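A.B. asks: We have chain A already, so just place chain B on it with the hints.
Order-wise, the sequence lines are chains A and B. Under my numbering, the residue at position 174 of the first sequence is numbered 174, and the numbers go up by one with no gaps. Under my numbering, the residue at position 11 of the second sequence is numbered 11, and the numbers go up by one with no gaps.
Hints are supplied without guarantee of correctness; some may be wrong.
Copies of the same chain look alike in the list, so a pair counts if it works inside one copy or between any two.
[Claimed, not checked] Here are the simulated DSSO-like cross-link-like pairs (lysine-lysine), alpha carbons at most 30 Å apart as the crow flies: (1) Lys254 to Lys344; (2) Lys20 to Lys55; (3) Lys20 to Lys231.
I should point out that these hints are in silico values taken from the structure, not numbers from a laboratory. Note that this is a predicted model, so its numbers are computed, not measured.
Protein chains: 2
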Amino acid sequence: MKEIKVGLLGLGTVGAGVAKVLASHREELEEKAGASVVLQAIADKDTTSPRKGLKVSELPMSADVSSVLDDPSVDIVVELFGGIEPARSFIMRALANGKHIVTANKALLATHGEELYSEARRCGRMLAFEAAVAGGIPLIRSVKEGLVANRITTLYGIVNGTSNYILSKMTDEGQEFSRVLAEAQAKGYAEADPTYDVEGIDSAHKLQILATLAFRTSVRLEDIYVEGITKITPEDIGLAREMGFRIKLLAIAKATDSSLELRVHPTMIPESSPMSAVSGVFNAVFLSGDVVNDLMFYGRGAGQMPTASSVCADIVEIARRIAAGQAAVPQDLPVLGRKLLALKPMEEISSAYYLYVSALDQPSVLAQVTGILGRHEISIASLIQKVRQRAKAVPVVMMTHEAQEGAMQKALREIDDLRVIVAPTRMIRVEAS
Amino acid sequence: MKEIKVGLLGLGTVGAGVAKVLASHREELEEKAGASVVLQAIADKDTTSPRKGLKVSELPMSADVSSVLDDPSVDIVVELFGGIEPARSFIMRALANGKHIVTANKALLATHGEELYSEARRCGRMLAFEAAVAGGIPLIRSVKEGLVANRITTLYGIVNGTSNYILSKMTDEGQEFSRVLAEAQAKGYAEADPTYDVEGIDSAHKLQILATLAFRTSVRLEDIYVEGITKITPEDIGLAREMGFRIKLLAIAKATDSSLELRVHPTMIPESSPMSAVSGVFNAVFLSGDVVNDLMFYGRGAGQMPTASSVCADIVEIARRIAAGQAAVPQDLPVLGRKLLALKPMEEISSAYYLYVSALDQPSVLAQVTGILGRHEISIASLIQKVRQRAKAVPVVMMTHEAQEGAMQKALREIDDLRVIVAPTRMIRVEAS
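Isolated chain A (complex conformation):
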């Protein structure tokens, strides 16, 4: 039976997971690949510390990446270092050396994806990245192959487990963001530097990768509007709940024939939607295609084993192809469609909105605020004016119908300029359908 040799760059959490699965599921992987999948080399600065579940001394460790990148017998390089450099250079070198690539590196693909896909195509090699978006969920494969007969029109999802865990905790326990973040860090659900997760940057990376694939167009990371969850309050969450909504950090992409909108921000969704039940560290991606209609994928978006599951699926697919003598083909990689889509600027997107206005308890406040909204063609679907608590401002909570973002931003500026407004108006976008 043919032997397909794998080299791992990195024996961190995911690398260790991959090494474990390659050993524990060796027979099944061999059957499914029609070839023996051999871990030939592992490059990691740390060649000696124990990794749970592995006997490091029995692994083909080296501190030198050449053992992976330049060993002619290595067929597949699995890049699990993360980050931009030197991961990018290693992948380019591996491709130049005739190796296929499997990676989980969302930050790299989101910023240098096009360059890497082109190089892989030029070298006639496969570059697989199932693990880069939504962990264990076979999402990339589904979009690439299962939905080939579709023009994807919409996709949105919860693609960052840390921020979803935090929002779920805030929802269940009514705690403030900063307190829940601290607890999450203590439990290992959030990093010491949680910026990428709570500011929506990680979600934007994943959206870039998904949108490139699904809409077959060029997507620049900097074109994605990004807003994190740090300003969400327990009060917003409670009001959302009263009105039958949940707050999630959503990555959203909507396409027309000629344009594409891309954004990441906290979003209220109806509690009746399957996505509202996605809690904790779980991820979910909703897609709509012009033939298949609505689909949703749900599962663990991160974690050692779910991520290793996807990395190994990619390894097996490539091994199967190599063993069967099947060359890489251009369609293996994200292709650009005939017509590229123009980015729809954020001001032009439509959304429904939740507004929390803090006003002095004076006559005509409501008239002034609703007057501004009306002048910007923003119509109000529902309004709650809460009883004033002692000397505090009067909270006026509104849900609007669909309106244009640009109009909303202008209206918010005018509202916040009013003398009767005592704190910046809070706004959260709403996806009602």
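C.D. replies: Just chain B now, kept in the frame of chain A:
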């Protein structure tokens, strides 16, 4: 560019959908296949009636299946007649003639799958059936490829849209089953003969196909316990809701190292689970793998276009392989694992249970009923004894902890033998996790 020729058996609802998509998405399909996908021949008894969205007179119609099965230029035969014969014979003939197969025929695969997979393997041809389970959802592909690194331990799902539609309507409107069925038939959501859908048979077919693939073992349709939704009452649904549950018709499979249980029956699931939000004609399949942990797929399980989406995805995948000179490989088809799993008889499965006991309003009824349960080692998690409505029996509603099915069946027989019981005890299984 290479031309890959497709022959359709059947221009019914799904066939027409496929013909439409092959025309309307021709360019994208060509790009993704790396080959031109040509509709070469369509065989259907009815060569003339209009089909919405198609110009039948411009299609390569014939009433003779030879035009598809025996035309040497046809590469892929798409079987959409349905039913067992002559579909089975046609597929065997097509394989013998060197053609690859795409089918949506769940009844055929559930009863003759092993024979067809073997023949396809023997002929070195691909046999794809994404459309046979869960319509547009790329489920088969996900299990076959995306989850190769997993031993699947559990799968369960809502895989029949008609019965889910009926249960959703009963839930939303409080109506009786027979009335909702009649309305569903009037709207085209249920067939004139709805037996396969409401009795769980269609769900059992899909479970057979999924389980064969996911657990890599031999599964006989007759080994699947099947119970439909015809006895579910609005009262059961209302009580479930009170206790925080929804009732769904679930297809369930659970594996250990050596055994496999397979069943289709109405099941109460917690309203907090993503699956409880799956309503109307939507399907959802939950899977748990030993590496990836929990996953769920959701989408339209039936309907012209969702089904056509999956058929076309299979066509493109096969076309891509043919065009790239890639042979069919054994792993393309469900393989039997090294160790086949023994069927766990229904009496040995464990479940939690909902019981609705109708008793006379007499002393010691509760003691007698709970005594029987206790003797069979069935412990009660919660109990509601409702106020007796005039001269009716007293409803005693119980939720049990996990118990063995055999013990429950014995207990039910004993309970129903009691003089104080006035109607057969209703029982619905509960999946709480």
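A.B. asks: Can you list which hints this structure breaks, lowest number first?
C.D. replies: 3
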